[in-house]
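From just these sequences and the hints, can you work out the full model?
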Amino acid sequence: MKQTHTGVWTIAEIEDGSINPVSYELLAWGKGLSERLKVELTSIVLTNKIKDIESLIHYGADKVYYVENDKLEHFYPDTYTNILQQMVEEMKPEIILASATTKGRTLMPCLAASLKTGLTADCTDFEIEEETRRLIQIRPAIGGNVMAKIKTMTNPQMATVRPKSKLPLPKDESRTGEIIKKEFNEEMYQSRYEWINYKRDESIEQPLQQSDVIIAGGKGIRKQENFKYLKEIAERLNGAVGATRAVVDMGWIDYSHQIGLSGKTVSPKLYIAVGISGAVQHIAGMSTSKYIISINKDPEAPIFKVSDLGIVGDATEIVPLLLKELKQGDKK
Amino acid sequence: MNIVVLVKQVPSTDNVKIDEKTGTMIRSELESEMNPLDMYAVEEAVRIKEKETGTKITVISMGPLSAEYAIKEAISMGCDEGVLLTDRRYAGADTRATAYTLSQFLKGKEFDLIFAGERATDGETGQVGPMVATLLGIPVLTYVNKIIEITKSAIKVQRAIEGGNEVIQTTLPSLITVVKEINDPRLPNLENKLRAKKSKIHTITNEELKIEEDKIGLKGSPTRVVKVFYPKISRQGEKITIKTPQEAVSKIKNFIKEKGVI
Ligand SMILES: Cc1cc2nc3c(=O)[nH]c(=O)nc-3n(C[C@H](O)[C@H](O)[C@H](O)COP(=O)(O)OP(=O)(O)OC[C@H]3O[C@@H](n4cnc5c(N)ncnc54)[C@H](O)[C@@H]3O)c2cc1C
Ligand SMILES: Cc1cc2nc3c(=O)[nH]c(=O)nc-3n(C[C@H](O)[C@H](O)[C@H](O)COP(=O)(O)OP(=O)(O)OC[C@H]3O[C@@H](n4cnc5c(N)ncnc54)[C@H](O)[C@@H]3O)c2cc1C
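Going down the list, the protein sequences come from chains A and B.
Going by my numbering, the first sequence opens with residue 1, and the numbers climb by one from there.
Going by my numbering, the second sequence opens with residue 1001, and the numbers climb by one from there.
No lab work stands behind these hints: they were computed from the structure.
There's no promise every hint is true.
Cut-off 30 Å, straight-line C-alpha distance, at most; resulting in silico cross-link-like pairs (DSS-like, lysine-lysine) [as the list claims (entries may be wrong)]: (1) B/K1251 / A/K269; (2) A/K305 / B/K1152; (3) A/K269 / A/K228; (4) A/K264 / B/K1257; (5) A/K31 / A/K219; (6) B/K1239 / B/K1227; (7) A/K116 / B/K1219; (8) B/K1243 / B/K1227; (9) A/K228 / B/K1253; (10) A/K116 / B/K1251; (11) A/K290 / A/K171; (12) B/K1227 / A/K92; (13) A/K269 / A/K290; (14) A/K38 / A/K92; (15) A/K199 / B/K1210; (16) A/K71 / A/K182; (17) B/K1251 / A/K166; (18) B/K1239 / A/K219.
Listed below in structure tokens is the structure:
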């Protein structure tokens, strides 16, 4: 097959001028692929104000294309799609990666549909097929029960990548690269959307999916009130609180905390499962965590099969004590 | 108002079998149901209908004949009629081919709002909704957890995004994908159950839709599942039956320290 498209792109995510760390994770994935393919790694930035853009080079990009315009302050799928479509058609990358955040999961299907190409969702790993140079995209599906290897027959090959599936490369401030501004006609920025406001949800102290530590509770915590221990522990560990569907259904905690097949997928560095049985639908949302500790009084609980440290014991006794010791640690 | 709800049929058991050669799911009629996350889309549509007289809700699905069952589930919750796009040639479609087929049917039809689920519990891509919207040239609002206002020509919603909620509006017609927290789906009442049972689902094949064969089914799919495998999720962990809570706390603290996670 004749090579019509070349280069690896990652779509950086910017919030209010600041680069979201998922952008650096994407570059770590992109770097591995671009080195295998011996092509350039380019990061694409769409923003209303530009800040610290060189950091994308320091984290692995060879080149950065950026578009800066007041109208890009908020994510409007039509504007973002139009601009990116034009850039892709002009420069023809062979691979485009974006994060599987709410933004990436909205933008990428719109862009793929406009470009008449395929899109693979929520990948956790990639390979390059030896003979063909094609990208093999690896993703969990069906509630994490299976892993699929997916290949895209058209160009560019597009994928969203699950946040936290790879660590960023170490920052190298001696790296240099080209930073190029792209400009478009004003009409490209027209949108049918109008942003009104954004409210932080104070109950999600740390966005679940960005947290390095998650402490999650299930029915085994016995009472709604016991979530307050989990919340305080989470605060002390700089983490967030998760929950099973069972306790969400009982109204013990808000749905936004639900982890699993019909809730959120997370992969923190540490997941502490408290009083959770370990149903497949729950495991589907947390099995990619780096380390899993679980507390359950039933030695046969399935959660122990996925745990690095399993504690057979009564959560209602352990959790308050854990909090007490963490508080004492603070004082020291 | 004319409302369309996109509904997918999914396997209802945990034990989904995959044809390891084609990478597609092996389905059987008895084991399928409406995608659980589509119930929230159906419920939201029915709530609009209850407020606005003269609203008509059409349920649309692409799938095998057995997907009629999922459509009837939606009708039993209060939708008016169902359309099933079904053809052997539609089989094996990825999200692109699925969205293309759905949008070819919808093109030129009258609708103000299209609802879709956040994602299907089997393929789990969440891509079909935004793709359908793009192919129809209409705006899409994803992850909607609250509809704030609908007027003749616009819709204002709240979206659940990282760390909080965003309020945004757009023009109609548009496509909305909803998340679970938007509502509590009702159980079908007897009257609607009977109506669903008796209702005739309009089936449409490619004889009628006449979509080019290279745009439908496996042939029209730019992505291919080349391999599926079952991940091993077991870990070589340590399991300890503790004697005192203090022992548990020490174990946890040591583990955290040892692995340097915090
Ligand atoms: C289509 C579908 C989608 C689903 N999606 C999700 C999802 O997204 N997320 C999700 O979590 N679930 C989901 N479920 C539900 C899932 O199947 C389980 O029912 C649920 O995860 C169980 O929650 P649990 O572990 O809190 O409760 P249980 O299964 O009741 O487990 C409670 C556990 O606590 C232990 N325990 C009791 N007392 C104590 C104590 N004092 N100390 C320590 N341990 C104790 C028990 O031994 C038990 O193991 C889904 C189900 C279906 C069918
Ligand atoms: C293991 C595995 C992995 C896969 N990975 C990918 C992939 O990465 N990329 C890809 O393009 N395809 C993929 N597919 C194919 C994909 O699952 C099918 O195309 C499927 O028909 C639609 O995608 P989905 O299940 O992800 O639906 P989603 O996009 O998650 O569904 C979202 C919503 O769209 C609507 N909808 C979806 N399908 C239909 C339908 N048939 N009729 C009516 N409304 C519908 C519903 O409202 C639904 O709630 C995969 C399939 C398998 C088995």
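Each hint tested on the structure:
Note on B/K1251 and A/K269: the hinted pairing holds, with a Cα-Cα distance of about 17 Å set against a maximum of 30 Å. About 54 Å separates the Cα atoms of A/K305 and B/K1152, which puts this hinted pair outside 30 Å; it is violated. Our distance criterion of 30 Å between C-alpha atoms is met by A/K269 and A/K228, whose separation comes to about 22 Å. Our distance criterion of 30 Å between C-alpha atoms is met by A/K264 and B/K1257, whose separation comes to about 27 Å.
Straight-line distance between C-alpha atoms of A/K31 and A/K219 comes to about 43 Å, which puts the hinted pair past the 30 Å bound. Only pairs whose Cα atoms come within 30 Å are accepted, and B/K1239 paired with B/K1227 is rejected, the gap being roughly 34 Å. For the proposed pair A/K116 and B/K1219, the alpha carbon gap of about 14 Å is at most 30 Å, so the pair holds. The straight-line distance between the Cα atoms of B/K1243 and B/K1227 is roughly 47 Å, outside the 30 Å bound, and the hint therefore fails.
Note on A/K228 and B/K1253: the hinted pairing holds, with a Cα-Cα distance of about 20 Å set against a maximum of 30 Å. Only pairs whose Cα atoms come within 30 Å are accepted, and A/K116 paired with B/K1251 is rejected, the gap being roughly 54 Å. For the proposed pair A/K290 and A/K171, the alpha carbon gap of about 22 Å is at most 30 Å, so the pair holds. Of the supplied pair hints, the one linking B/K1227 and A/K92 holds, its CA atoms being roughly 28 Å apart against a limit of 30 Å.
The hinted pair formed by A/K269 and A/K290 meets the criterion: a straight-line CA distance of about 5 Å does not exceed 30 Å. Restraint check for A/K38 and A/K92: satisfied, since their Cα atoms lie roughly 16 Å apart, inside the 30 Å limit. Of the supplied pair hints, the one linking A/K199 and B/K1210 is violated, its CA atoms being roughly 47 Å apart against a limit of 30 Å. Under the criterion of a C-alpha separation no larger than 30 Å, the hint pairing A/K71 with A/K182 is consistent with the structure, at around 15 Å.
As the CA atoms of B/K1251 and A/K166 are separated by approximately 28 Å, the hinted pair is consistent with the 30 Å bound. Distance restraint check for B/K1239 and A/K219: the Cα-Cα separation of roughly 21 Å lies within the 30 Å cut-off, and the hinted pair is therefore satisfied.
The structure fails to meet hints 2, 5, 6, 8, 10, 15 from the earlier list, while all remaining hints are met.
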